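J.: What follows is the residue order along each chain.
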Amino acid sequence: MSVDRQQVEATIRDLLAGYNKDGVELTPETDIAADLNIDSADVLNFVMEVEDAFDVDISLNELSDVRTIAQLVDLVAERVGA
Amino acid sequence: MVDLLEKYRAAKERHDLLASIGVDAVGLVNDRILSPTRAIIGGREIILAGTNNYMGVTFEPECIRAGQKAMEEFGTGTTGSRIANGTYSLHGQMERALAEFMGRRHCMVFSTGFQANLGMIAGLCGPDDTIFIDADSHASIFDGCRLSGAKVVLFRHNDPDHLAKRLARHDPGKGGRLVILEGIYSMLGDTAPLRDFVALKREHDFQLLVDEAHSFGVLGEKGRGLAEREGVEEDVDFIVGTFSKSLGGIGGYAVSDHPDFEVLRYTARPYMFTAAPAPASIAAALCALKIIREQPERRAWLRTLSERLHAGLKAEGFTLGVDEISPVVAVICPDEKAAVAMWNGLLQAGVYVNLALPPGTPNKLSLMRCSVSAAHTEEEVDAVIAAFVAVRRQLVEQGLWPRE
Ligand SMILES: Cc1ncc(COP(=O)(O)O)c(C=O)c1O
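Top to bottom, those sequences are chains A and B.
First residue of the first sequence? That's 1 in my numbering, and the numbers climb one at a time after it.
First residue of the second sequence? That's 1001 in my numbering, and the numbers climb one at a time after it.
Just so you know, these hints were derived from the structure itself, not from any lab.
Note that this is a predicted model, so its numbers are computed, not measured.
Keep in mind that the hints are not guaranteed to be accurate.
[Said to hold, decoys possible] Cut-off 25 Å, straight-line C-alpha distance, at most; resulting in silico cross-link-like pairs (DMTMM-like, lysine to aspartate or glutamate):
1) B/K1165 - A/D52
2) B/K1165 - A/E49
3) B/K1314 - B/D1190
4) B/K1222 - B/E1378
[Stated by the list, open to error] Label-pair ranges, simulated between beta-carbon atoms:
5) A/Q6 - B/S1081: 51 to 57 Å
6) B/T1267 - A/R13: 41 to 47 Å
7) B/P1358 - A/Q6: 29 to 35 Å
8) B/P1127 - A/Q6: 32 to 38 Å
9) B/L1005 - A/Q6: 39 to 45 Å
10) A/Q6 - B/E1404: 47 to 53 Å
11) A/A10 - B/R1403: 20 to 26 Å
12) B/E1397 - A/T27: 57 to 63 Å
13) B/H1015 - A/A10: 36 to 42 Å
14) B/E1045 - A/A33: 39 to 45 Å
15) A/K21 - B/E1397: 27 to 33 Å
16) B/E1234 - A/E29: 51 to 57 Å
17) A/R67 - B/E1404: 43 to 49 Å
[Claimed, not checked] To give an idea of the chain A side of the interface with chain B (calculated C-beta under 7 Å), a few residues:
18) D39
19) S40
20) A41
Think of the CB as a built atom: it goes at the ideal place given N, C-alpha and C, for glycine as much as any other residue.
Modelling step: build the complete structure from the supplied sequences, incorporating the hints.
T.: Written out as structure tokens, the structure is:
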């Protein structure tokens, strides 16, 4: 799949919109769970959507190092070779 | 200094708010237990309809006597782990009886079902391995995965196609792969589509572990669980279970036909470094196992009552978690506030069920989780249904539950 980092970020922001109930403004530094007030179960649902969108696996272990949107974009971008 | 408990402020505020509505659901105390289905709570007799006591064996005179006798003969506790001084002849007897009941060569008894999952998962898997788990897995499965250091990949609840996709794109490298499922999922009472999952073994290499915590005793002709009912026991490499539900005790177990299974006795740390279950607990569970084996009519009666509760609540217009008949019957509440009010109302009306709230539930559902026991009577089941109807009427009047 040839996607660039910007596309990765755009898709992730789109998917995140469904979980952003309070309409928090998203920046690369947004802490996905804490700033958007998403509970642990929904974090996993969101990540499964990301995995399906890019056809990649993100293991729980890798996820434990990810807090911000930028970190998630980095991880996915690396995985899809963007 | 950062106060370590500060991180729980939001959780504490939510808990305090919910508790302020009535009785604190997570702090509920049974002052006395009268029978598998009755307790004294807050000075009143309550029908217990949320105990996981599926076979209703907790007050079997024979099991109580077996426990008493074991305590007299072997003492109050084991004061040591299974690999040191804590293994008594009783533990071996229980392991042989369970292996025989489950039709397996090997059995290990753990101190709880939670520890059986920790010990099995972390015992089987290490950093080179990958574990595929259902997104709705029990906490002990998530924690076992973390403890193992293996790579952990989630698939959508009860979705074999999603798992197939994950297996297909995953490169195992030099490690092994373990898939973990549950027989009956504890919150909604749905079963895993086990035959479809097992079919994936033809195309993909992996070993399979099924946690039959809620299905042991309940499903299958002999009560071995979902794998028995679905006729796929040979394809399930490891089964984990607990004494804390159908066996009415405390303890956990794992069974397998794997020739090297016994190595886990000196490699699985949650088995090795905790005290062995108490003699009375083992002896009572051993007796309960005998009752499950000898009285299949309990299973049939449980099924009859499960159907009665399921159909009764549905006929009254309640939305249930799943259509499948199961001794776990989950009533979906409109929201968290309604759930807390319903739970308090039911307790006032003399019925105890489990209050289950997100994130401990699938799909953010707020649930009244009922579980049926073979010790219930039809009248008790009807009383539970009537209580649901009466309390809902109050909540509708208070604007807490939508009018139909
Ligand atoms: C699916 C599942 N596995 C394991 C356990 C743990 O069993 P135990 O109560 O013996 O620790 C439970 C419930 O407690 C459970 O629901």
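J.: For each hint, tell me whether it holds in the structure or not.
T.: Hint check:
| no. | hint | in the structure |
| --- | --- | --- |
| 1 | B/K1165 - A/D52 | holds, 9 Å |
| 2 | B/K1165 - A/E49 | holds, 14 Å |
| 3 | B/K1314 - B/D1190 | holds, 16 Å |
| 4 | B/K1222 - B/E1378 | holds, 24 Å |
| 5 | A/Q6 - B/S1081: 51 to 57 Å | holds, 56 Å |
| 6 | B/T1267 - A/R13: 41 to 47 Å | holds, 45 Å |
| 7 | B/P1358 - A/Q6: 29 to 35 Å | holds, 34 Å |
| 8 | B/P1127 - A/Q6: 32 to 38 Å | holds, 34 Å |
| 9 | B/L1005 - A/Q6: 39 to 45 Å | holds, 42 Å |
| 10 | A/Q6 - B/E1404: 47 to 53 Å | holds, 50 Å |
| 11 | A/A10 - B/R1403: 20 to 26 Å | violated, 44 Å |
| 12 | B/E1397 - A/T27: 57 to 63 Å | violated, 47 Å |
| 13 | B/H1015 - A/A10: 36 to 42 Å | holds, 38 Å |
| 14 | B/E1045 - A/A33: 39 to 45 Å | holds, 44 Å |
| 15 | A/K21 - B/E1397: 27 to 33 Å | holds, 30 Å |
| 16 | B/E1234 - A/E29: 51 to 57 Å | holds, 52 Å |
| 17 | A/R67 - B/E1404: 43 to 49 Å | holds, 44 Å |
| 18 | D39 | holds, 4 Å |
| 19 | S40 | holds, 5 Å |
| 20 | A41 | holds, 4 Å |
In the structure shown, a violation is registered for the earlier hints numbered 11 and 12, in ascending order.
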